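Each chain is listed here by its residues.
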Amino acid sequence: MYPENFRYTKEHEWVLMEGGIGTIGITDHAQQELGDIVYVDLPKPGTRVEQGRSMGSVESVKAVSDIYSPVSGEVAEINPALADAPEKLNEDPHGAAWLVKIKLSAPGELPDLMSAADYQAYIGAEK
Amino acid sequence: MRRTALNSVHRALGAKMVEFGGWEMPVQYSGILSEHMVVRQSVGVFDIGHMGKIEIRGPQAAQLTDFVTTNAVPKLKTGQAHYTGLLYEHGGFVDDILVHKVAGDNFFLCVNAANQDKDFEHIRARNRFEATVELTSDHYSQIAIQGPQARATLQKLTPVDLSAIKYYWFTDGEVAGVPARIAHTGYTGEDGFEIYFPPAESERIWARVLEAGAEFGIKPCGLGARNTLRLEARMVLYGHEIDASISPLEADLAWIVKLDKGEFVGREAVLRQKEAGVRRKLTGFEMTGRPIARDGYEVQVNGVAAGWVTSGSPAPALNKNIGLCYLPVELARPGLAIQVIVRGQPADAMTVETPFYKRAK
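Order-wise, the sequence lines are chains P and D. Heads up, the first sequence is in the working numbering, so the first residue is 1 and it goes up one at a time. Heads up, the second sequence is in the working numbering, so the first residue is 1001 and it goes up one at a time.
Next comes chain P alone, as it looks inside the complex (with noise of 0.2 Å):
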């Protein structure tokens, strides 16, 4: 379910690290807690992001939750697919409905964010 290849942190974001491009998504743990997903607020390409800052919104039909960005850096590029189809984030929260890429400035930062195997145990702790 959790990909071992990804990081994770507190507020349920993934990210992926290839070359010194990380990709972010939300995990699935957290679109099942929001449900039906209807808005995906995300920052424009080039804006600097903080680890630990918010850097957008996802909105279920029920509420407003920040996206944590789990890195600090710069929006390298957006997920294009998701202005019309949020919906894509409670299908595929993994894979197609990434959210952004960040060009990674302070790559040290990764060892503070959870493993698959942490992040489970985590969320289970949590329930």
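Worth double-checking, as some hints may not be accurate.
[Claimed, not checked] With a straight-line cut-off of 30 Å between C-alpha atoms, the simulated DSBU-like cross-links for lysine-lysine are:
id: 1; chain 1: D; residue 1: Lys1320; chain 2: D; residue 2: Lys1358
id: 2; chain 1: D; residue 1: Lys1358; chain 2: D; residue 2: Lys1166
id: 3; chain 1: D; residue 1: Lys1320; chain 2: P; residue 2: Lys88
id: 4; chain 1: D; residue 1: Lys1166; chain 2: P; residue 2: Lys88
id: 5; chain 1: P; residue 1: Lys44; chain 2: D; residue 2: Lys1261
id: 6; chain 1: D; residue 1: Lys1053; chain 2: D; residue 2: Lys1261
id: 7; chain 1: D; residue 1: Lys1016; chain 2: P; residue 2: Lys10
id: 8; chain 1: D; residue 1: Lys1118; chain 2: D; residue 2: Lys1274
id: 9; chain 1: P; residue 1: Lys101; chain 2: P; residue 2: Lys10
id: 10; chain 1: P; residue 1: Lys88; chain 2: P; residue 2: Lys103
id: 11; chain 1: D; residue 1: Lys1016; chain 2: D; residue 2: Lys1118
id: 12; chain 1: D; residue 1: Lys1156; chain 2: D; residue 2: Lys1118
To be clear, the hints were calculated from the coordinates, so they are not data collected in a lab. On a predicted model such as this, the values are computed, not experimentally measured, just so you know.
Since the structure of chain P is already known, use the hints to place chain D on it.
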């Protein structure tokens, strides 16, 4: 946290449970959007066993009920129900409730879950009549069957001719062989029924309703869909559109206040307010773009703070983002450009006529 008799059924169905007004309730099962749409298009069933029940009995039960509520109890016929307000002397809402006239000396009140103890104390403290007031919430389970196929679903389970129960009337009969009060009422903007019966029978009745509705694709629906459905139909929710600081005139509920019916709690305050005019009024709006207004967000007109959002949400059946807000009375009309402050950014919206959704009759 309090639990309804159907709590374990919801868990078995995989519902997401949340705290609501001191109760642990299902907010959704399959998803708010699909639950909302099944009620608009076919039929859904809701556990609303958290709602409070207060029974007023005795030779002067009608007088007491009339004295503590805003609508005209003498106009109610036996077997009829109406929507009404419970006000403080200062004209603000204690609660909004349904009054059912069971008999000339017997009135059955259905009240908001979180307000039931407060309502009970409020009524009892003003009881100078030959009447008894009893909080009987524990005696009842309550489920709502709502949607265009609600009648066809429920009719399979009862010998009562449901087509003979007019809107906002009720009948004491049987559902699945169990004594039940069957009311042609609801909180969704669709046709439907709310039934009251002994809690011990809850799991069996719930299962029978799901079985009866299977051919229509019935779904169990949670409080999430209940909220989006009532908002599209512009029904108010205590703690959002109304509370102790809001009067019926501000909430556009003058129609439930019968100022000419004689003395009742809050009458003088509402009368004064009617003569002086109210300063703010509940108004509907639609977002122009993608942002979604949420409860409590500030509303601006030409960059100046003018009011606040009481309820805001996507409207699943309308494919728009809608909301209700309080605005100064001179601005409370359809067709006005407003801005809702969404996460620090002004987002354009337009005031509109309500209800947002009205079912085809």
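Consistency of the hints with the structure:
no. : hint                  : result
1   : D:Lys1320 x D:Lys1358 : 15 Å, holds
2   : D:Lys1358 x D:Lys1166 : 18 Å, holds
3   : D:Lys1320 x P:Lys88   : 19 Å, holds
4   : D:Lys1166 x P:Lys88   : 44 Å, violated
5   : P:Lys44 x D:Lys1261   : 61 Å, violated
6   : D:Lys1053 x D:Lys1261 : 25 Å, holds
7   : D:Lys1016 x P:Lys10   : 21 Å, holds
8   : D:Lys1118 x D:Lys1274 : 27 Å, holds
9   : P:Lys101 x P:Lys10    : 19 Å, holds
10  : P:Lys88 x P:Lys103    : 24 Å, holds
11  : D:Lys1016 x D:Lys1118 : 28 Å, holds
12  : D:Lys1156 x D:Lys1118 : 38 Å, violated
Hint violations for this structure: numbers 4, 5 and 12, all remaining hints satisfied.
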